[in-house]
Amino acid sequence: MADQIEWVALSVFIFFFALVTVMGFFAARWKSGPVSEHLDEWGLGGRQFGTWITWFLVGGDFYTAYTVIAVPALVYAVGAYGFFALPYTIIVYPFVFAVMPVLWTAARAKGHVTAADVVHGIYNSRGLELAVAITGMVATMPYIALQLIGMGVVIKAMGLTGELPIIAAFIILALYTYSSGLRAPALIAFVKDTMIYIVVLVAVVIVPAKLGGYGVVFTAANDAFAAKGGDTGLILKPSQMLPYATLALGSALAAFMYPHTLTGIFASKSADTIRKNAILLPAYTLLLGLIALLGYMAYAANLKVTSNNDVVPMLFKVLFPSWFAGFAFSAIAIGALVPAAVMSIGAANLFTRNVWKSYVDPGISHAGEAAVAKIASLIVKLGALAFTLFLPTQYALDLQLLGGLWILQTFPALVFGLFTRWFRAEGLLLGWAAGILWGSWTAWSNGLKPLATIDLGGASYVFYVGLGALILNIAVAAIATVIVAWVSPDRRSATAPS
Amino acid sequence: MWILLLLPFIGLLWVPFYNFQEPALFGFPFFYWYQLAWVPISSVLIWLVYRSRAPDEAP
Chain A
1 MADQIEWVAL SVFIFFFALV TVMGFFAARW KSGPVSEHLD EWGLGGRQFG
51 TWITWFLVGG DFYTAYTVIA VPALVYAVGA YGFFALPYTI IVYPFVFAVM
101 PVLWTAARAK GHVTAADVVH GIYNSRGLEL AVAITGMVAT MPYIALQLIG
151 MGVVIKAMGL TGELPIIAAF IILALYTYSS GLRAPALIAF VKDTMIYIVV
201 LVAVVIVPAK LGGYGVVFTA ANDAFAAKGG DTGLILKPSQ MLPYATLALG
251 SALAAFMYPH TLTGIFASKS ADTIRKNAIL LPAYTLLLGL IALLGYMAYA
301 ANLKVTSNND VVPMLFKVLF PSWFAGFAFS AIAIGALVPA AVMSIGAANL
351 FTRNVWKSYV DPGISHAGEA AVAKIASLIV KLGALAFTLF LPTQYALDLQ
401 LLGGLWILQT FPALVFGLFT RWFRAEGLLL GWAAGILWGS WTAWSNGLKP
451 LATIDLGGAS YVFYVGLGAL ILNIAVAAIA TVIVAWVSPD RRSATAPS
Chain B
1 MWILLLLPFI GLLWVPFYNF QEPALFGFPF FYWYQLAWVP ISSVLIWLVY
51 RSRAPDEAP
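Protein chains in written order, with this note's numbering: chain A, 1 to 498; chain B, 1 to 59.
Any given hint could be a false lead.
Computed from the model, here is a short list of chain B residues facing chain A with C-beta under 7 Å [as the list claims (entries may be wrong)]:
hint, residue
1, MET1
2, PHE17
3, TYR18
4, GLU22
5, PRO23
6, LEU25
7, PHE28
8, TYR34
9, SER43
10, ILE46
Label-pair restraints from in silico Cβ distances [as the list claims (entries may be wrong)]:
hint, chain 1, residue 1, chain 2, residue 2, range
11, A, ASP455, B, PHE20, 27 to 33 Å
12, B, GLY27, A, GLY447, 36 to 42 Å
13, B, PRO55, A, LEU19, 35 to 41 Å
Source of the hints: derived by calculation from the structure; they are not laboratory data. Where is the CB? At the ideal position from N, CA and C, for every residue including glycine.
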């Protein structure tokens, strides 16, 4: 499909790319602040984002470009099972509403910038702080690589081959993130999200109209799955129900443990900003549900694709005029820039605060923190780029899957301490290690499938390995806490929850 | 009121409750429109809890 260059689509693409590049550099002066003088300015945009900016920013970096490519691809491949992203991105919001304002309040009171800062503030444990920080950085790297892969898919669809376009796009991204910090993706998110809304709303109205309505779309998919057989279909097989529910729950609990989503939380102006966003952000989930249906529309349109990831770009190429396909592709590519920027900023904040400041230069100034973070963001992005260029795509996918299971293991350390001081740092650290080791080993020995099986009373249950690891993590943390409290009743950690 | 926040978890994680094709709505099998319907329902539930809570003290 990628034989000749689509000039019209490409021109539209380049126009929008140039637009957001200018915006990215201009962003340093937006909502003016001394970007290079304080990490709060570079890494959190000055902690001043209100309801609407936060809505665009968190919506823009939680619903990534890769989602727009991968969710329809999975739905195209397996049907109903691929829809777990929908319950996942619904139940995440009651959780965000209940927990994230408490986290924001704890962070704001002490000037914390990262999750690991908050954990250190509560437990006064360098070990637990480092565990949370390293998990965050490691889990983020393959996630950035996936954004590049998502961008690569649409660039390929326009007929551009080779790695130069991706490298160019990424260097531009790296430079304006370096100079503007979080303000750049926050400003670009306005453009990206508006474009994605337009693309998806047009697609979900026009495509079924061209194909004969949603009834026809679902029937075509149903026929295709009936012919395909296996664990596919418009509804779940009985054996898929527990994996579906546990994947949704585990992913929802993990979603706001990632540095990029937490950066959006910490950058908010107030706890109330976050609560309002828990009410308003589900609008993106509706969009995601409709995007997922593009996977079924591909059957109604009789698309033949060599790789499932080509479903969305092919659908736009076949059903829309070239200029609109170009618009859609730029929306997806810009959709990759926003999360990639926020992810690299989140990882850079972790490195600066919880590795550099904690171990290398404890007396670092505010301006020094900003300088270290700017360099770290460049290195993180170069790492992700090298990852994409030199390793097989499958590695990024596998590592991202493992990353989700790893980041979920920071949940007890980060969330429990906001509500109770019962757990001890030693217990939480042991639980974290147990969850990571058991989860990674189980996923690895299942050929990197995210599912684990246990036999109980003659029946076997299949569930999301990350959630199983989290349960083990909590159990180990609780038992170890009881033992530590028995051995040394006086806790040496410092602060009580406010 | 906070108990309302648990409803989406129950409604969506108990899969046998909605794993059906019929009744369809506007061509969407039940499995799909049921889950999509939970998006606005969850927003309204969170909004109800938001409205019922005491406002933050001024910083």
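Quiz prompt | Restraint check, 7 Å cut-off on beta carbons, for PRO23 (chain B) near chain A | solution = This hint is violated: PRO23 (chain B) lies away from chain A, its Cβ roughly 13 Å from the closest one there, beyond 7 Å.
Quiz prompt | 27 to 33 Å as the expected CB spacing between PHE20 (chain B) and ASP455 (chain A), which holds or is violated | solution = Between ASP455 (chain A) and PHE20 (chain B), where Cβ atoms are some 29 Å apart, the hint holds.
Self-check item: When the least beta-carbon distance from GLU22 (chain B) to chain A is tested against 7 Å, hint result
Solution: violated, 10 Å
Quiz item: How does the Cβ-Cβ distance of GLY27 (chain B) and GLY447 (chain A) compare with 36 to 42 Å: does it lie in that range?
Solution: holds, 37 Å
Self-check item: PHE17 (chain B) as chain A interface residue, shortest Cβ-Cβ below 7 Å
Solution: violated, 10 Å
Quiz item: If you take the shortest Cβ to Cβ gap from PHE28 (chain B) to chain A, is it below 7 Å?
Solution: holds, 6 Å
Quiz item: Minimum Cβ distance from ILE46 (chain B) to chain A below 7 Å?
Solution: holds, 5 Å
Quiz item: With 7 Å as the cut and Cβ atoms as the points, is SER43 (chain B) at the interface with chain A?
Solution: Given a least distance of 5 Å, the restraint on SER43 (chain B) holds.
Self-check item: Satisfaction of the LEU25 (chain B) interface hint, Cβ to chain A closer than 7 Å
Solution: violated, 10 Å
Self-check item: Hint check: 7 Å Cβ-Cβ cutoff, TYR34 (chain B) to chain A
Solution: violated, 10 Å
Quiz prompt | Agreement of hint TYR18 (chain B) with chain A interface, Cβ distance less than 7 Å | solution = Hint violated; TYR18 (chain B) Cβ to chain A Cβ min 9 Å, cut 7 Å.
Quiz item: Under the criterion of a CB-CB separation shorter than 7 Å, is MET1 (chain B) in contact with chain A as hinted?
Solution: At about 12 Å, which exceeds the 7 Å cut-off, the nearest Cβ of chain A leaves the hint on MET1 (chain B) violated.
Comparing the model with each earlier hint shows violations of hints 1, 2, 3, 4, 5, 6 and 8; every other hint is respected.
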